[in-house]
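> Residue numbers (this note's numbering), protein chains in the order written: chain A, 72 to 447; chain B, 7 to 198.
No lab work stands behind these hints, which were simulated from the structure alone. It cannot be assumed that every hint is accurate.
[As the list claims (entries may be wrong)] Stretches of chain B that chain A covers, calculated by requiring three or more beta carbons in the stretch to come under 8 angstroms of a beta carbon on chain A:
(1) 16-25
(2) 100-106
[Claimed, not checked] Computed list of chain A residues with no C-beta within reach of chain B, every gap over 12 angstroms:
(3) S78
(4) Y123
(5) F138
(6) K147
(7) L235
(8) R243
(9) E255
(10) T324
(11) K329
(12) I336
(13) I380
(14) H399
(15) G433
Where a beta carbon is used, it is the ideal one built from N, C-alpha and C, also for glycine.
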Amino acid sequence: MILQSLSLVNFRNYEEASLEFSPEVNCLVGDNGAGKTTILDAIYYLSFCKSYFNAIDSQNIRYDQGFFLIQGAILKNEETDKLHCGVKTGQKKQFRRNDKEYGRLADHIGKYPSVILTPNDIDLIKEGSEVRRKFMDGIISQYNKPYLEKLMEYNRALSQRNNLLRYFSENRTFDEESLEIWDEKLIELGSFIYEARKAFVETFIPGFNGLHAEVAGGAEQVSLAYETQLDTKGMAELLKGARTKDRQLRRTTCGVHKDDLNFLISDHAIRRFGSQGQQKTYLISLRLAQFEFVEKATGVKPMLLLDDIFDKIDDKRVAALMRLVSDHRFGQIFITDTSGDRIPALFREIGADLKVFNVEQGSVQLQEEVADGQEK
Amino acid sequence: MASLPGVGKKTALRLVLHLLKREEEEVDRFSRAFTKLKSEIKACDTCHNLSDHPTCEICSNPGRNQQTVCVVEGIRELMAIEATDQYRGSYHVLGGVISPMDGVGPSDLTIEGLLDRVRKGEVNEVIFAMSTTMEGETTAFYLYKKLASFDVQVTAIARGVAVGDELQYADEITLARSIQQRLPYENTTKKG
Ligand SMILES: Nc1ncnc2c1ncn2[C@@H]1O[C@H](COP(=O)(O)OP(=O)(O)O)[C@@H](O)[C@H]1O
Ligand SMILES: [Mg+2]
Ligand SMILES: [Zn+2]
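Taking the hints into account, I'd like the entire structure generated from these sequences.
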């Protein structure tokens, strides 16, 4: 799958822009605030019908304008598909594929996948377990059809049960049968979610380990583990055992809503014991493993969007990473950097088909390459 | 008037303008009819269907099988089943489903009334026709456990309708078929 061209009208700081991409490596170079990330986000829009950074569509319209437009031409299965995303203030978002409006945006998602790495990924390490559950759930729901619905049902049953526990406490009453019907739902759904997550992590780990070893050159020992209360006891037993506690605390203290992923370096939490560069390397490996997972699930190579990922990692790892992503295991790449020639130079050395774009205050210019035969 | 279901602001305005043009007496008659509607239509003592007598037309109809009781969430679902013209038993209108987040518990529904009917030995089959939402299913499960100690057959309507679809939106043929081809409740759930 190759994004051949992209055009923007009134998208964030761009009044108008058109880009023709390389099928392999595309570098966006420019100062802070120039508009590099905005280009990646426009590509993300074409994949997911929404921004990665700002969920409110209308805030992505250029200041004082009434609409924005993102259009792209994507080569997939030897055909070029035209994608069109338009947002007008006060109107429903338009999303068309080959001039045909989608009935449901959900039907589009997964057709032209992309994986994005951004400095925000650090939240996966620093923030609470919810972020890591979201990471798992986001990947699993791409290949496990009923998963998302079951997850939503689980959360609803959980909320019902917590409401009931509060009601019992406020009215100083208790009714076993009223509680049990929600337990029953949580047992059925929680067990399903547990099995799906367990299977996901098991297949995810080897890919992750392999990628990490390539980027870090085997310099550190890392691992990833699924942490869940369901490992030792079944959901039914957990709920039963925690009943007194749940009634006291007026909420459900056991279940898959407490799941987490442990990110470890030398068997210690990377959040506490990893250097910034080691954390970054870990995150990059997670996303690349996600890439391989999504590729398996959708049957197409996602577009790989790398936003400012070089901060804090040493040159050796940068070089290893660039070699890795220009390998044909990964498809088309879009990469941003503030420093002029560092990344392009690396890719030239590797010999990838490369296009460099200079980004400056909402305008993009293709950097004319010296014809030194970098084309393969 | 815009607070009435199906009446938007424009329609409400049109109705008001229309009524203002009419003779006072006619408008009076109209409003008396509304008051009468509210004061005379009550719930049936037995099944909680709408009725202007203590016992509704269905419950007092000797041609209908009073030993078979179809449990529905509301009047609308009852009317949907009646519209199929295929069901000859009686009903029990719950008045909602169990949902703690909406403040609805078992005692807010007519569950006791249903159990009373069963307790008196008036019923030999209870058919669940609640919607397939999580709350509908959970309410069915609750009732099932309550009914377990009685000598009564518990069945559920067979669903031709997709999960999550509300009964009132199912078309008449699908609905008629699902009432006729009902299954023992245990077979319709994963809980066994
Ligand atoms: N709705 C908008 N209209 C106009 N400019 C915007 C809008 N939203 C963000 N911007 C500006 O767009 C610029 C480009 O941001 P970004 O693409 O993140 O830059 P960078 O090149 O550092 O990645 C920033 O200066 C930002 O303030
Ligand atoms: Mg940026
Ligand atoms: Zn009645």
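> Checking each numbered hint in turn, tell me which of them this model violates, lowest number first.
1, 7, 9
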